[in-house]
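Asks: Chains as they are written, first to last, in the working numbering: chain A, 1 to 238; chain B, 1 to 294.
Rather than coming from a laboratory, the hints here were simulated on the basis of the structure.
It should be emphasised that the depicted structure is a prediction, and the values quoted were computed from it without experimental measurement.
Just to be clear, a hint being listed does not mean it is correct.
Unchecked claim - One-sided excerpt, in silico: chain B residues whose CB lies under 8 Å from chain A: (1) Tyr96; (2) Leu98; (3) Ala175; (4) Glu182; (5) Asn183; (6) Pro184; (7) Leu186; (8) Gln188; (9) Ala189; (10) Gly191; (11) Ile192; (12) Asn193; (13) Lys264; (14) Pro268.
Think of the CB as a built atom: it goes at the ideal place given N, C-alpha and C, for glycine as much as any other residue.
Take a look at the letters that make up each chain.
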Amino acid sequence: MPDPRDGALLAVRDLHAWYGESHILHGVSFEVREGEVVTLLGRNGTGKTTTLKSIMGMVGRRTGEIRFEGRELVGLASNRIARFGVAFCPEERGIFASLSVAENLQLPPQVREGGLGLEQIFELFPNLQERLSSQGTKLSGGEQQMLAIGRILHTGARLLLLDEPTEGLAPVIVQQIGAIIGKLKARGFTILLVEQNFRFAATVADRHYVMEHGRVIDMIPNAELESQLGKLHDYLGV
Amino acid sequence: MSEIFGIPTQALFGQLLIGLINGSFYALLSLGLAVIFGMLNIINFAHGAQYMMGAFCAYFLLSKLGLGYWWALLLAPVIVGATGIVIERLMLARLYQLDHLYGLLLTFGLALVIQGLFRNEFGSSGLPYNIPKGLEGGRNLGFMFLPNYRAWVVVASLVVCLATWFVIEKTRLGAYLRAATENPALVQAFGINVPRMITLTYGFGVGLAALAGVMAAPIYQVNPLMGADLIIVVFAVVVIGGMGSIMGSIVTGFALGVIEGLTKVFYPEASNTVIFIIMAIVLLVRPQGLFGQR
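Pulled out of the complex, with its shape left as it was, chain A reads as follows (with noise of 0.2 Å):
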């Protein structure tokens, strides 16, 4: 397994986390290089979210080591974290109930120039301008996830950690979800991506980490993902 470099957007080495009393990650190491789409693939449990939710701050305890752009995450408020340019959408896409659509969609705060402006997040996300005055949990599920990666887009933010966002979603909307992550890049966003599908993560990804019982495991580029197609169904236990 590679160690990390110096140089990337983010790097992170030896991280542990604990949820109260339960220790869950055991030293990640991985590190994601400015514009790349690289995933975290891993079973059920296997400490992909808590990875992410490290990276924001969001878990009770954590140690080793979380460079974002040179700068140490350990330790600061997660308040802190998004406001040097990383940005979470959670798995449960975190849609308020109590906000209007266009009040979801304007409500992280801009943290950065040279987010999207919301012309642009409408040609991506065509369906929210027509639902902006609907309540956020009236949405289908589609539209939400949409709703939730949209939001984020306008805070200028450059990493975007996307926790599952295909799950639970009709093929058609996860071709979807696929084609505007590809844009995003294309337009210079960089994004760490937890799947469960890897065969979606291998339309969209650059490189994939493996994890397993809160550790990285290996990393297969994505163009070496189908000869390593026997190593990874084994991790993945398809």
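The hints should help you fit chain B onto chain A, whose structure is shown.
Replies: Same frame as chain A, now just chain B:
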């Protein structure tokens, strides 16, 4: 003298006005409780004591510093709100992970301590506080006599309540508050300092109680137990309106004040209990309250 349903109009509108006055205080206080409960998940039993502190603050500003009613209206909510912020930082912040009951017990204890201290110092007979210059006297509307100060209290309370509702329901700051009520961890991960927002929300809710206390001082006198008597009724109002509902607490506050006033006219025997009877019925028929969602 003209009559409606056999009741002299003078008496009817007189009680209606008293109902509206009481309703103004119910609304201001239950609004503060709703704001605090929504954000902190804490049932602030110290609210009555903080209302009393607002009245005392007005009294001290006048007697010690010579600052009159209008200054008190501005300063007392800030000063008492600041004591709320200290309480939140030192005590309440440690309770958010626990059941509602702990916050209720802590604030109940605080209320007893604060009221005890004030009663020890000032007795329970009440200190006078005059109606501010410019709002003395009243006008004859033909069907009733309307004291200026009371009209001011009703209008000011309504304006403050509606302004609070507007900020929470219609502005960006309010969207942060509503979102943080649902999912504080995620709102914080968007870059918003949620712990500070919680602290300020408590300070604001306490400030509303203090504002009500200042407005009450010229009507009910300044008394260490003025809040203890009122807060029980206000909790009934909150239960009827639905815990945490902003508009619910405003509408229910005014409506129950008026219902209480009318009961005094039509069936005085029930006037002290009518709110609790309504509370019992609401709890049986619609436990989440008239405007509550959970």
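Asks: Using Cβ atoms only, decide whether B:Asn183 comes closer than 8 Å to chain A, and label the hint accordingly.
Replies: holds (6 Å)
Asks: Are B:Asn193 and chain A close enough, Cβ to Cβ, to be under 8 Å, as the hint says?
Replies: holds (5 Å)
Asks: Can we keep the B:Tyr96 interface hint, with Cβ of chain A closer than 8 Å?
Replies: Constraint on B:Tyr96 not satisfied, violated at 14 Å.
Asks: Given a cut of 8 Å on the nearest C-beta pair, is the interface hint for B:Leu186 held or broken against chain A?
Replies: holds (5 Å)
Asks: Hold the hint about B:Glu182 up to the distance rule: shortest CB distance to chain A must be less than 8 Å.
Replies: holds (5 Å)
Asks: Given B:Lys264 as an interface hint, is its Cβ closer than 8 Å to any Cβ of chain A?
Replies: Not OK, violated: B:Lys264 not within 8 Å of chain A, min 38 Å.
Asks: Given B:Pro268 was flagged as interface, is its beta-carbon under 8 Å from a beta-carbon of chain A?
Replies: violated (42 Å)
Asks: Does the interface hint hold: is B:Ile192 within less than 8 Å of chain A, judged Cβ to Cβ?
Replies: It holds, given that the least Cβ distance between B:Ile192 and chain A is near 6 Å, below 8 Å.
Asks: Any CB of chain A closer than 8 Å to the CB of B:Pro184?
Replies: violated (10 Å)
Asks: Can we keep the B:Leu98 interface hint, with Cβ of chain A closer than 8 Å?
Replies: violated (14 Å)
Asks: With a cut-off of 8 Å, does the beta carbon of B:Ala189 approach a beta carbon of chain A closely enough for the hint to hold?
Replies: Constraint on B:Ala189 satisfied, holds at 4 Å.
Asks: Less than 8 Å between beta-carbons is the criterion; does B:Ala175 satisfy it with respect to chain A?
Replies: B:Ala175 check passes; min Cβ-Cβ to chain A is 5 Å, inside 8 Å.
Hint violations for this structure: numbers 1, 2, 6, 13 and 14, all remaining hints satisfied.
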